[in-house]
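Novice: Please model the complete structure; the sequences and the hints are all you need to start from.
Now for the letters of each chain:
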Amino acid sequence: MAEQTSHIPTVIADELHIVYRVNGAKTGKGSATAALSRILKRGEERGVRKVHAVRGVSFVAYRGEAIGLIGSNGSGKSTLLRAIAGLLPAEKGKVYTDGQPSLLGVNAALMNDLTGERNVILGGLAMGMSREQIRSRYEDIVDFSGINEKGDFITLPMRTYSSGMAARLRFSIAAAKDHDVLMIDEALATGDRKFQKRSEARIRELRKEAGTVFLVSHNNKSIRDTCDRVLWLERGELRMDGPTEEVLKEYEKFTGK
Amino acid sequence: MSDRPSPDDGLSAAELADRYGLAVSGARPGLVEYVRQLWGRRHFILAFSQAKLTAQYSQAKLGQLWQVATPLLNAAVYYLIFGLILKANKGLSHDVYIPFLVTGVFVFTFTQSSIMAGVRAISGNLGLVRALHFPRASLPISFALQQLQQLLFSMIVLFVVAIGFGSYPGLSWLLILPVLVLQFLFNTGLALIVARMGAKTPDLAQLMPFILRTWMYASGVMFSISTMLEGRPEWIARALQANPAAVYMDLMRFALIDGYGSSNLPPHVWAIAVFWAVVVAVGGFVYFWKAEERYGRG
Numbered sequence: 008m009a010e011q012t013s014h015i016p017t018v019i020a021d022e023l024h025i026v027y028r029v030n031g032a033k034t035g036k037g038s039a040t041a042a043l044s045r046i047l048k049r050g051e052e053r054g055v056r057k058v059h060a061v062r063g064v065s066f067v068a069y070r071g072e073a074i075g076l077i078g079s080n081g082s083g084k085s086t087l088l089r090a091i092a093g094l095l096p097a098e099k100g101k102v103y104t105d106g107q108p109s110l111l112g113v114n115a116a117l118m119n120d121l122t123g124e125r126n127v128i129l130g131g132l133a134m135g136m137s138r139e140q141i142r143s144r145y146e147d148i149v150d151f152s153g154i155n156e157k158g159d160f161i162t163l164p165m166r167t168y169s170s171g172m173a174a175r176l177r178f179s180i181a182a183a184k185d186h187d188v189l190m191i192d193e194a195l196a197t198g199d200r201k202f203q204k205r206s207e208a209r210i211r212e213l214r215k216e217a218g219t220v221f222l223v224s225h226n227n228k229s230i231r232d233t234c235d236r237v238l239w240l241e242r243g244e245l246r247m248d249g250p251t252e253e254v255l256k257e258y259e260k261f262t263g264k
Numbered sequence: 003m004s005d006r007p008s009p010d011d012g013l014s015a016a017e018l019a020d021r022y023g024l025a026v027s028g029a030r031p032g033l034v035e036y037v038r039q040l041w042g043r044r045h046f047i048l049a050f051s052q053a054k055l056t057a058q059y060s061q062a063k064l065g066q067l068w069q070v071a072t073p074l075l076n077a078a079v080y081y082l083i084f085g086l087i088l089k090a091n092k093g094l095s096h097d098v099y100i101p102f103l104v105t106g107v108f109v110f111t112f113t114q115s116s117i118m119a120g121v122r123a124i125s126g127n128l129g130l131v132r133a134l135h136f137p138r139a140s141l142p143i144s145f146a147l148q149q150l151q152q153l154l155f156s157m158i159v160l161f162v163v164a165i166g167f168g169s170y171p172g173l174s175w176l177l178i179l180p181v182l183v184l185q186f187l188f189n190t191g192l193a194l195i196v197a198r199m200g201a202k203t204p205d206l207a208q209l210m211p212f213i214l215r216t217w218m219y220a221s222g223v224m225f226s227i228s229t230m231l232e233g234r235p236e237w238i239a240r241a242l243q244a245n246p247a248a249v250y251m252d253l254m255r256f257a258l259i260d261g262y263g264s265s266n267l268p269p270h271v272w273a274i275a276v277f278w279a280v281v282v283a284v285g286g287f288v289y290f291w292k293a294e295e296r297y298g299r300g
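Sequences listed follow chains A and B, in order. Per the numbering used here, the very first residue in the first sequence carries number 8; after that it's consecutive. Per the numbering used here, the very first residue in the second sequence carries number 3; after that it's consecutive.
Hints in this document: simulated from the structure, not taken from any laboratory. Each residue gets a CB set at the ideal place from its N, CA and C atoms; glycine is no exception. Be careful, since some hints might not be right.
To be verified - Simulated pairs of lysine-lysine, DSS-like, Cα-Cα distance not exceeding 27 Å:
1) A:K57 - B:K292
2) A:K101 - B:K292
3) A:K184 - B:K54
4) A:K57 - B:K202
5) A:K99 - B:K202
6) A:K215 - A:K228
To be verified - Pair by pair, the computed Cβ-Cβ distance ranges are:
7) B:F212 - A:E257: 56 to 64 Å
8) A:V58 - B:R215: 32 to 40 Å
9) B:V288 - A:E124: 34 to 42 Å
10) B:L13 - A:N80: 31 to 39 Å
11) B:V183 - A:T167: 36 to 44 Å
12) B:G65 - A:G171: 22 to 30 Å
13) A:E241 - B:R30: 27 to 35 Å
14) A:S79 - B:A207: 30 to 38 Å
15) A:D232 - B:R30: 36 to 44 Å
16) B:R215 - A:N30: 19 to 27 Å
17) A:G171 - B:A207: 29 to 37 Å
As the list claims (entries may be wrong) - Here are some, though not all, of the chain B residues that point toward chain A, as calculated from beta-carbon distances under 7 Å:
18) L18
19) V26
20) A49
Specialist: So, in structure tokens, the structure goes:
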């Protein structure tokens, strides 16, 4: 697929380093006196522990590519996605993008105490849709989620939903917007079998509309189905970058599958 | 794919990005562009503040009635302690003191809760900051707006108290509007400032209640500054009266209460009110914008 597209880069990562700073997680005794002595001790940043999550990753992604990100838990996949989206500042190095890459997901903006109805509007606005766009897509979002199949649930607060129902609504809201460079974090296809199929189809649709797609997943099958190129991260370093089959073969050897 | 010869071979990342017009991801926009983006998100800011306000009491049986009941109970407690037990109404008649006290409490609470919400605006919403794109100033502004809506509910109680103690609606009540606008600007600026500080140092949320309580006692919420400091050098009273919290409280009292005349106001009070609002709002906005690209770090 990618061989046919013109070679136009959409995302360039150049020696990217990401460091998290965690307050109050400094190793040592947790007592108040120990904390106090740490505060009084001179040092660059007191009481702060640094986590070097991504270490010098470089790659160029081209238009029309679907790129899978694999690696064991905590290898820096999600962090790398956030950095590409410009949500996490780089410690060193740079990410260049064409337009605004967006992460598929709206969970953080929704509020459990509000009705499903208001959450659709709030989530849409948080993703940068206009009121008119939300109004015109409102019915689609609710229908797609299937929330109202068993009665008028959309007018109830989201905390009354079952976890499956809430996950379905969240996905439906997140998938309502078109994206230029789209990034999908694993385990999005939630809910019952019927909804999983529907959401997988929607992801394929979004993929077609988007210029470049990044997919984080632990499911090698879904990576094989959707991606033509794979980046393998391990301990924050780029271990391999190449066509899906080649990288997956090595990866499966590594994980002992 | 890199084994294919291409005209782009040998270019550095920066040159390649430049050639295809790619921009650095997450770079901070210019100030004018930032304001434009923020304006584009005005519906989100408003919806977010209203959602927070509604969510607050959504589990309570009485529901949104608490929006009015909470300030009413607050006023009753202060009346009990300062009006009946401590008799702090030095130099003010009972009919003036009660609305004086309630106005002071509500107006100061407006600033106080805007700051408290501002400190946690970024640090408490890191999940949101790390998931979606929007000008980060949306959050503190939205929280300040939520407090403004909260104050509007309190104003209902305030009007009832004022009328109950013999101050009837008159032309001077129109002054409430400009006072609210100026105080809202001031609060928003402060919320932006503490939001940036709180994003870097979340400990501020623990420290802030003490700073705010000190500020409250120095601002004359429960007593009249000029009466309290009688016999002391005049500049002390002047300085205390020029502090923004005192200015907005006094202006609101002047607008609302018949027996609280302009003799209680410091000279140039409107100029001071405008000065604080503009300086803090503009300064706070620029200060917040300067760290825009770093808020995701936490």
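Novice: All the hints need checking, so say for each whether the structure fits it.
Specialist: Right, here's what the structure says about each hint:
The straight-line distance between the Cα atoms of A:K57 and B:K292 is roughly 23 Å, inside the 27 Å bound, and the hint therefore holds. Distance restraint check for A:K101 and B:K292: the Cα-Cα separation of roughly 19 Å lies within the 27 Å cut-off, and the hinted pair is therefore satisfied. Straight-line distance between C-alpha atoms of A:K184 and B:K54 comes to about 24 Å, which keeps the hinted pair within the 27 Å bound. Using a Cα cut-off of 27 Å, the hinted pair A:K57 and B:K202 holds, with the two alpha carbons roughly 14 Å apart.
Between A:K99 and B:K202, the direct Cα distance comes to roughly 19 Å. Compliance with the 27 Å bound is thereby established for this hinted pair. Distance restraint check for A:K215 and A:K228: the Cα-Cα separation of roughly 19 Å lies within the 27 Å cut-off, and the hinted pair is therefore satisfied. At roughly 58 Å, the beta carbons of B:F212 and A:E257 sit within the given window of 56 to 64 Å. Between A:V58 and B:R215 the beta carbon distance is about 37 Å. The supplied range of 32 to 40 Å therefore holds.
For B:V288 paired with A:E124, a C-beta distance near 38 Å keeps the hint of 34 to 42 Å intact. With their beta carbons about 36 Å apart, B:L13 and A:N80 fall inside the hinted range of 31 to 39 Å. Between B:V183 and A:T167, the C-beta spacing of about 39 Å keeps the proposed range 36 to 44 Å intact. Roughly 28 Å separates the CB atoms of B:G65 and A:G171, a value that falls within the hinted 22 to 30 Å.
A C-beta distance of roughly 32 Å is found between A:E241 and B:R30, which places it inside the suggested range of 27 to 35 Å. At about 36 Å, the beta-carbon gap between A:S79 and B:A207 stays in the expected band of 30 to 38 Å. Range check, A:D232 to B:R30: about 38 Å between beta-carbon atoms, so the 36 to 44 Å window is met. The supplied range of 19 to 27 Å is met by B:R215 and A:N30, whose beta-carbon atoms lie about 25 Å from each other.
Remark: the range hint 29 to 37 Å for A:G171 to B:A207 is upheld by a beta-carbon distance near 35 Å. Annotation: B:L18 was flagged as interfacial toward chain A, and the flag holds, the nearest CB pair being 6 Å apart, inside 7 Å. Interface restraint check for B:V26: the shortest CB-CB distance to chain A comes to about 6 Å, inside 7 Å, so the restraint holds. Hint status for B:A49 relative to chain A: holds, with the closest Cβ pair at about 5 Å, below 7 Å.
The structure agrees with every numbered hint stated previously.
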